[in-house]
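S.K.: Sequence:
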Amino acid sequence: MIGVVAGELLKLRTTRTFYGIVLGTLALVLVISLLAGLLGDFERGDTPGRDLLSIAALAQTFTLVFGILAVSTEFRHGTITPSLLVVPSRARLVSAKLVAHLGAGLLIGLAAYALCALVVDLALGSRDIEPGFASGEPFEIIVGGAVAAGLFAALGVGLGALVRNQVGAIVGALAWTFVVESLLTAILGSGSVIGRLGLNGLGAALPGTNFGESTGDLLAPVPAGLVLGAYAAVLLVAGVLVLRRRDVSA
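Be aware that the sequence shown starts at 402, since it is given in this note's numbering, and climbs by one per residue.
Treat the hints as calculated values from the structure; they're not laboratory data. Hints should not be assumed to be uniformly reliable.
Claimed, not checked - Have a look at the derived ranges for each label pair, beta carbon to beta carbon: (1) Val623 to Arg645: 27 to 37 Å; (2) Val568 to Arg645: 21 to 31 Å; (3) Gly441 to Ala639: 38 to 48 Å; (4) Arg417 to Arg645: 26 to 36 Å; (5) Asp442 to Ala639: 38 to 48 Å; (6) Ala631 to Thr480: 44 to 54 Å; (7) Trp577 to Leu436: 25 to 35 Å; (8) Gly404 to Leu436: 43 to 53 Å; (9) Leu575 to Ala428: 17 to 27 Å; (10) Ile588 to Gly421: 28 to 38 Å; (11) Ala576 to Leu435: 26 to 36 Å; (12) Val638 to Glu531: 41 to 51 Å; (13) Asn566 to Ala631: 24 to 34 Å.
Positions of the beta carbon are idealized from the N, C-alpha and C atoms, including for glycine.
Between the sequences and the hints, there should be enough to build the whole structure, so can you do that?
M.R.: Pasting the structure below:
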């Protein structure tokens with residue numbers, strides 16, 4: 402199994418997709434954090450640090466897509482056949498992709514939240530505005546955000562194994578999070594089931610950031626992580642079961 406994981410890590414290091422995801426995430430977080438910190442409507446006495454760190458949640462979207470690409474790209478480019486010749490067990494192959502992309506997702510999230518925290522602190526400092534963090538709060542947010550990004554990558558791996566069509570999987574995932582969930586939460590409220598247990602709510606609960614909204618209706622970080630992990634596990638198991646029954650042609 403170690404060798405299979407090593408092979409997946411090698412694929413990550415030698416493909417442009419990984420570097421594109423990393424650079425795209427960090428570039429967006431950098432630009433938006435800088436603009437928000439410098440141009441936001443804040444005054445002395447405001448404490449906008451926690452709200453601004455929610456910008457780094459962009460990493461969750463990127464790692465979700467990143468995870469979907471882990472399996473769907475193999476089908477799209479026809480590399481799934483040689484991959485299965487090397488690793489005949491489809492469960493082992495998906496598990497190896499899970500480990501590699503979960504780890505990469507954690508690192509992407511860690512980098513995104515750390516970068517956001519640094520930029521926000523410098524931008525607000527240039528305006529003599531305190532971020533308003535309690536002792537150790539930035540560390541907790543960064544760790545929670547990294548875990549969220551890793552779990553979103555795991556969700557993506559499961560979804561990519563479950564839905565063979567790459568475009569369909571990505572469009573469906575983004576439509577659910579940005580359109581369906583957002584509309585239902587706006588209608589039903591952040592304290593509703595969809596607001597608390599939807600992907601957006603869980604993604605905000607883990608780092609404890611929810612831009613412009615109260616975090617009082619969100620789950621605590623640990624329960625949120627467990628629920629998000631359960632979602633990922635369900636998708637992964639379903640994806641492996643479907644993959645086992647799917648014909649793969651040369």
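S.K.: Against each hint, give a clear statement of whether it holds in the structure.
M.R.: Here is what the structure says about each hint:
| no. | hint | verdict |
| --- | --- | --- |
| 1 | Val623 to Arg645: 27 to 37 Å | holds (33 Å) |
| 2 | Val568 to Arg645: 21 to 31 Å | holds (24 Å) |
| 3 | Gly441 to Ala639: 38 to 48 Å | holds (42 Å) |
| 4 | Arg417 to Arg645: 26 to 36 Å | holds (30 Å) |
| 5 | Asp442 to Ala639: 38 to 48 Å | holds (45 Å) |
| 6 | Ala631 to Thr480: 44 to 54 Å | violated (30 Å) |
| 7 | Trp577 to Leu436: 25 to 35 Å | holds (28 Å) |
| 8 | Gly404 to Leu436: 43 to 53 Å | holds (45 Å) |
| 9 | Leu575 to Ala428: 17 to 27 Å | holds (19 Å) |
| 10 | Ile588 to Gly421: 28 to 38 Å | holds (35 Å) |
| 11 | Ala576 to Leu435: 26 to 36 Å | holds (29 Å) |
| 12 | Val638 to Glu531: 41 to 51 Å | holds (47 Å) |
| 13 | Asn566 to Ala631: 24 to 34 Å | holds (25 Å) |
Hint check: a violation occurs at hint 6 only; the rest are consistent with the structure.
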